[in-house]
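Novice: Chain by chain, the residues run as shown.
Number of protein chains: 2
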Amino acid sequence: MKIQNTKSKSKLIIGPAVAVDTLIFAIREGKLCVLLIQIGGGPYENKWALPGGIVQVDETLDQAAKNILNKKAGIEGLHMEQLYTFSDLNRDVRGRMVSVAYFALVDSDKLKPKTIDYYKAIEWREIDQLPALAFDHKKMINYGVERLRAKIEYSNIVYALLPKEFTLTEMQMVYEAIAGNKIDKRNFRKKIFSLELLIETNKERKGQKNRPAKLYRFKKRELMFTA
Amino acid sequence: MKIQNTKSKSKLIIGPAVAVDTLIFAIREGKLCVLLIQIGGGPYENKWALPGGIVQVDETLDQAAKNILNKKAGIEGLHMEQLYTFSDLNRDVRGRMVSVAYFALVDSDKLKPKTIDYYKAIEWREIDQLPALAFDHKKMINYGVERLRAKIEYSNIVYALLPKEFTLTEMQMVYEAIAGNKIDKRNFRKKIFSLELLIETNKERKGQKNRPAKLYRFKKRELMFTA
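Protein chains in written order, with the working numbering: chain A, 2 to 228; chain B, 2 to 228.
In isolation and in its complexed conformation, chain A is listed as follows:
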């Protein structure tokens, strides 16, 4: 692109190109999964990758992330958050490119991902069983998982995965899927109450084998951090 410069009249900048990549996480059958597409040609043929692409000169990064996710995964209207900008020198064999990663945690039952002709497939894949990935997408996913695990400790980011009213056991299952391990019930409850994100309702979940369990709801069903 051309940049006016105070010393020369104009100057052509030869720097990195800018891409975005989107990490869409969901919990499926108790496992943390990420949405991947399989590349149809070029140097990364048959490898799997996050939905991503080049940022156009007339788009902000947020817009580019939304547009690319919509075009390549058929997903609209998702609120994503900027995660980190990756810039290893050889992260793309086709040329120098920095990539701004975006992420969201979603209820996969509400999405119907479909991709474009260039990709061979689009699938949810478990974090612990990832196929061979193109670019630095393994590194991005690791970073995203780490951020997600940190975020459940001080936000209500899981609200999208739970019904309006839920038991602490249901909530714990979501936390365990994200953490990737079992959590001690007493510690979990102590931790969750200390976050002050929940409101106790006067209702109970009945009709199950166990004794009725209290129902809770989030103070807000939009992203909220602990005090």
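Do not rely on the hints blindly, as some may be mistaken.
Claimed, not checked - DSS-like, lysine-lysine: derived pairs with alpha carbons at most 25 Å apart:
(1) K192(A) / K215(B)
(2) K152(A) / K152(B)
(3) K192(A) / K192(B)
Note that these hints are calculated values from the structure, not bench results.
Keeping the supplied structure of chain A fixed, place chain B upon it in accordance with the hints.
Specialist: Positioned in the frame of chain A, the structure of chain B alone reads:
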């Protein structure tokens, strides 16, 4: 830059250029300050800005941030953290540019900032009394301050601003400078102990008017988050 494409032989990408900007925060006379340079020419002449510049094709973002801070502010070897990537369409009147902001909290007594000929001045300026700023640097600083305020709640990021051993009163003064307001002493102590970042030494600060105060140190003098 040229990008090989699977369909055409090659393709010229006309996207945003990539810059980095560095937010260097310090506490001076009890006030949170940021390091600014005054621009010497061009459309932003006389405005103040964060030290920043274009990312070269052979630099990672981390390297670019270090190189630019060194070149434009004479500061070497600082550990900075990536903050956020800003991409408003018209953030730079000279052309489309995204900028990756980096930040650090430093002991300003240990730095001797000096700038290059193109800039008229380099100065620490109080967050609450910023001059007119170029680009979207006001927005970047606001975001950086917000992140810094959040971070003191769950990390030991202030370690660089305190001596090896310090009293809780000294620590509270640092927190108050960053928060921009007074903090209740009892709440502060309760909060700090809950973070489990400190170790109590067996020593006391003597020789002052008040009764001797216990000395504490950080478990680690490198960035550490709460459990």
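Novice: Give a verdict on every hint.
Specialist: Structure-based check of each hint:
1. K192(A) / K215(B): With Cα atoms ~30 Å apart, K192(A) and K215(B) exceed 25 Å; violated.
2. K152(A) / K152(B): 13 Å, holds
3. K192(A) / K192(B): 16 Å, holds
Checked against the numbered hints listed earlier, the structure breaks hint 1 alone; every other hint is satisfied.
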